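S.K.: So the protein lines, in turn, are chains V, A, D and X. Each residue of the first sequence is one higher than the last, beginning at 202 in the working numbering. Each residue of the second sequence is one higher than the last, beginning at 202 in the working numbering. Each residue of the third sequence is one higher than the last, beginning at 202 in the working numbering. Each residue of the fourth sequence is one higher than the last, beginning at 202 in the working numbering.
These are computed hints drawn from the structure, not numbers from a lab. Please read these numbers as outputs of a predicted model, since none were measured by experiment. Some hints here could point you the wrong way.
Because identical chains cannot be distinguished in the list, a pair is counted as satisfied if it fits within a single copy or across any two copies.
To be verified - Listed below are the simulated EDC-like cross-link pairs for lysine to aspartate or glutamate, each with C-alpha atoms no more than 16 Å apart in a straight line:
1) Lys-339 to Asp-366
2) Lys-258 to Glu-312
3) Lys-339 to Glu-321
4) Lys-339 to Asp-373
5) Lys-258 to Glu-322
6) Lys-240 to Asp-224
Here's the letter readout for the chains.
4 protein chains.
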Amino acid sequence: MAAAVRLFHERGFHATSMQEIADAVGLQKGSLYHYIGGKEDLLTVIMMEVIARYNRKLAEIRAMRLPVRQRLELAVREHLIGIADNLAMLTIFLRESYALGPEQQELLGAEMTRYNTMFEELYLEGVAAGELRPLDPKLVGRTVLGACNWLYRWYRPDGGRSLDDLAASVVDILLGGIAAGPSAC
Amino acid sequence: MAAAVRLFHERGFHATSMQEIADAVGLQKGSLYHYIGGKEDLLTVIMMEVIARYNRKLAEIRAMRLPVRQRLELAVREHLIGIADNLAMLTIFLRESYALGPEQQELLGAEMTRYNTMFEELYLEGVAAGELRPLDPKLVGRTVLGACNWLYRWYRPDGGRSLDDLAASVVDILLGGIAAGPSAC
Amino acid sequence: MAAAVRLFHERGFHATSMQEIADAVGLQKGSLYHYIGGKEDLLTVIMMEVIARYNRKLAEIRAMRLPVRQRLELAVREHLIGIADNLAMLTIFLRESYALGPEQQELLGAEMTRYNTMFEELYLEGVAAGELRPLDPKLVGRTVLGACNWLYRWYRPDGGRSLDDLAASVVDILLGGIAAGPSAC
Amino acid sequence: MAAAVRLFHERGFHATSMQEIADAVGLQKGSLYHYIGGKEDLLTVIMMEVIARYNRKLAEIRAMRLPVRQRLELAVREHLIGIADNLAMLTIFLRESYALGPEQQELLGAEMTRYNTMFEELYLEGVAAGELRPLDPKLVGRTVLGACNWLYRWYRPDGGRSLDDLAASVVDILLGGIAAGPSAC
DNA sequence: TATGAATGAGAGTTCATTCAT
DNA sequence: AATGAATGAACTCTCATTCAT
Numbered sequence: 202m203a204a205a206v207r208l209f210h211e212r213g214f215h216a217t218s219m220q221e222i223a224d225a226v227g228l229q230k231g232s233l234y235h236y237i238g239g240k241e242d243l244l245t246v247i248m249m250e251v252i253a254r255y256n257r258k259l260a261e262i263r264a265m266r267l268p269v270r271q272r273l274e275l276a277v278r279e280h281l282i283g284i285a286d287n288l289a290m291l292t293i294f295l296r297e298s299y300a301l302g303p304e305q306q307e308l309l310g311a312e313m314t315r316y317n318t319m320f321e322e323l324y325l326e327g328v329a330a331g332e333l334r335p336l337d338p339k340l341v342g343r344t345v346l347g348a349c350n351w352l353y354r355w356y357r358p359d360g361g362r363s364l365d366d367l368a369a370s371v372v373d374i375l376l377g378g379i380a381a382g383p384s385a386c
Numbered sequence: 202m203a204a205a206v207r208l209f210h211e212r213g214f215h216a217t218s219m220q221e222i223a224d225a226v227g228l229q230k231g232s233l234y235h236y237i238g239g240k241e242d243l244l245t246v247i248m249m250e251v252i253a254r255y256n257r258k259l260a261e262i263r264a265m266r267l268p269v270r271q272r273l274e275l276a277v278r279e280h281l282i283g284i285a286d287n288l289a290m291l292t293i294f295l296r297e298s299y300a301l302g303p304e305q306q307e308l309l310g311a312e313m314t315r316y317n318t319m320f321e322e323l324y325l326e327g328v329a330a331g332e333l334r335p336l337d338p339k340l341v342g343r344t345v346l347g348a349c350n351w352l353y354r355w356y357r358p359d360g361g362r363s364l365d366d367l368a369a370s371v372v373d374i375l376l377g378g379i380a381a382g383p384s385a386c
Numbered sequence: 202m203a204a205a206v207r208l209f210h211e212r213g214f215h216a217t218s219m220q221e222i223a224d225a226v227g228l229q230k231g232s233l234y235h236y237i238g239g240k241e242d243l244l245t246v247i248m249m250e251v252i253a254r255y256n257r258k259l260a261e262i263r264a265m266r267l268p269v270r271q272r273l274e275l276a277v278r279e280h281l282i283g284i285a286d287n288l289a290m291l292t293i294f295l296r297e298s299y300a301l302g303p304e305q306q307e308l309l310g311a312e313m314t315r316y317n318t319m320f321e322e323l324y325l326e327g328v329a330a331g332e333l334r335p336l337d338p339k340l341v342g343r344t345v346l347g348a349c350n351w352l353y354r355w356y357r358p359d360g361g362r363s364l365d366d367l368a369a370s371v372v373d374i375l376l377g378g379i380a381a382g383p384s385a386c
Numbered sequence: 202m203a204a205a206v207r208l209f210h211e212r213g214f215h216a217t218s219m220q221e222i223a224d225a226v227g228l229q230k231g232s233l234y235h236y237i238g239g240k241e242d243l244l245t246v247i248m249m250e251v252i253a254r255y256n257r258k259l260a261e262i263r264a265m266r267l268p269v270r271q272r273l274e275l276a277v278r279e280h281l282i283g284i285a286d287n288l289a290m291l292t293i294f295l296r297e298s299y300a301l302g303p304e305q306q307e308l309l310g311a312e313m314t315r316y317n318t319m320f321e322e323l324y325l326e327g328v329a330a331g332e333l334r335p336l337d338p339k340l341v342g343r344t345v346l347g348a349c350n351w352l353y354r355w356y357r358p359d360g361g362r363s364l365d366d367l368a369a370s371v372v373d374i375l376l377g378g379i380a381a382g383p384s385a386c
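Model the full assembly from the supplied sequences, consistent with the hints where possible.
M.R.: The following block contains the structure:
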């Protein structure tokens, strides 16, 4: 599994052969099939693990006893950190989802919708509390989360700046916008 | 080419065979090699075309005689519309970039950096003019553009709302943030 | 095809690899797939060819202007000769039918039922004409045809006796029985 | 063994994996090798058991104090009943014999020849007694026994008619032939 | 007696690409 | 300009069997 995550991340799902995975764990490729159902299974397991973790985390955050705006900020921050801290798994998750078969894609899609919905509800709560601007919630979710997801495309852990700083900055951008002054308010 | 774009979009690069492309254009698969250098060439051409178009467009926008904030808004809007209007090509561009060989990836990366740099410079111009908040320009670029790029994952043209509206809303979110009141100002 | 027939006959369907077929025709095994859909296709084609030929032949014989008993004798004789003359194909047909997938088996089964039904009708015609004993027609068909089919298990073309003789003898056994005297008459 | 018989019958020898046999008996597949020498051994044992049983039975029948024609009728009847009553084993026996290695096939072939020879001798005894028509004994054996063997291809135990009836009818066909009147006598 | 990890050979199949025509 | 036969390497996956425990 760890080997698969590493290889799928480095070379991509299609470009990784079972032979390479087997080599990485010092087994014959046939031997892998004692542990897994097949190559796609490996991907499915990774994917499901990621989304489950994310859904769990977001549910926790929503339930916290904090002002809604702080909870939303936390949600965004944790989303970002979740990517940066598990760059390999999340790169696979975000990049290879269309490599799954239709059924698995549907399952995955349903879980992802759950995540989006939770985020939208959190946002709506913030709007109701007067802490967030009233906008199309779906669009907010997609825009904010999309901005975060893009992280996997450029974040490299060996960067100088701390991850917390970075997350804080992104949160600032998304919450406050980039426009100056009253124009956006 | 058009056939390749359609098929790469629908099925993905790896899942599309030369046979399918040949079928789509009514040729034998061997005959394709009179027109193209190979499968990866096809992808490269699509990719390069997209990024060239984007670079050209952004250069134009930057050079316009408009207040910088309007130019930046336009840049974001055009970025979004460029995706939505060429969903197939841009899906391929954003999704399949790692299917390219290392050299092509480098070439492509250089062009993409150019685009990002232009955007960052535009942003910086806005900061200098006092129209945009002073933030890490790289991060702003990546966040704003990332939010836009995510569009390819969920935008479907048959939606009820107009594309212009949608673009305007996204611009509003990114420029103004989602937080309410003076807190973000 | 001819190579497949020979190899399937000699070694059996499962024991014949695509590699061996490819070797037999001087091609790479991948090259076979320009001509066939797969290994099972090869078998299906052989099977369908055999049963079609048999159905055609029996329909012809039934329609002949001959006394019904002669037509039935001819049917049995031709059934036998058809096996002996195409021992390879008929061995495959009779021995490997369960190697087909369920759908192909059903198709094949339907055609085989057609053959049996034609034979039963011919028999019934003979009964109506008073030329054949009235017995359960299904059982007659299965018994007579089963006796013939068994030929593929022991007939070897290099035997001394002529095939016509042999067929005549089997016809005699099946029509006249093996019991002596009036007991069976 | 019972599990193997069932599975070989249902799916065929090649289509049955050791895993499936192990599952059927609630063992791990490695554990099977404490009891058997291998997959082919399993088949060999089944085969040998069948032919031994048949040889024993036919020897008994030959030795009975009955008119030869009755003994021959009995032999045919028991041959049929032996198939119908042990459809799984006999299907395997009659269908999978070519799945054996050459040596086992030779051993098996020798035993089968013994059976045929006994049958031919019984027939010859009947001819000598004037109770059976003088015909080529080898051909009689192959034809009569072939007709019987075919039973495994169509007999299904849940049929309405009794097995005894069926056997009697087949015996009648084979002994008396299907032709009417003196023509066959 | 039983496990189950591991083997290793081989299966059928796919596919981008080449090239003589 | 186009064919289509052919390649050859790579692919995922299966399976009977072995063996240390």
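S.K.: Does each hint hold? Answer for all of them.
M.R.: Results for each hint:
no., hint, verdict
1, Lys-339 to Asp-366, "between (27 Å within a copy, 14 Å between copies)"
2, Lys-258 to Glu-312, "within (13 Å within a copy, 37 Å between copies)"
3, Lys-339 to Glu-321, "within (6 Å within a copy, 27 Å between copies)"
4, Lys-339 to Asp-373, "between (20 Å within a copy, 14 Å between copies)"
5, Lys-258 to Glu-322, "within (15 Å within a copy, 37 Å between copies)"
6, Lys-240 to Asp-224, "within (15 Å within a copy, 24 Å between copies)"
Hint check: no violations occur; every hint is consistent with the structure.
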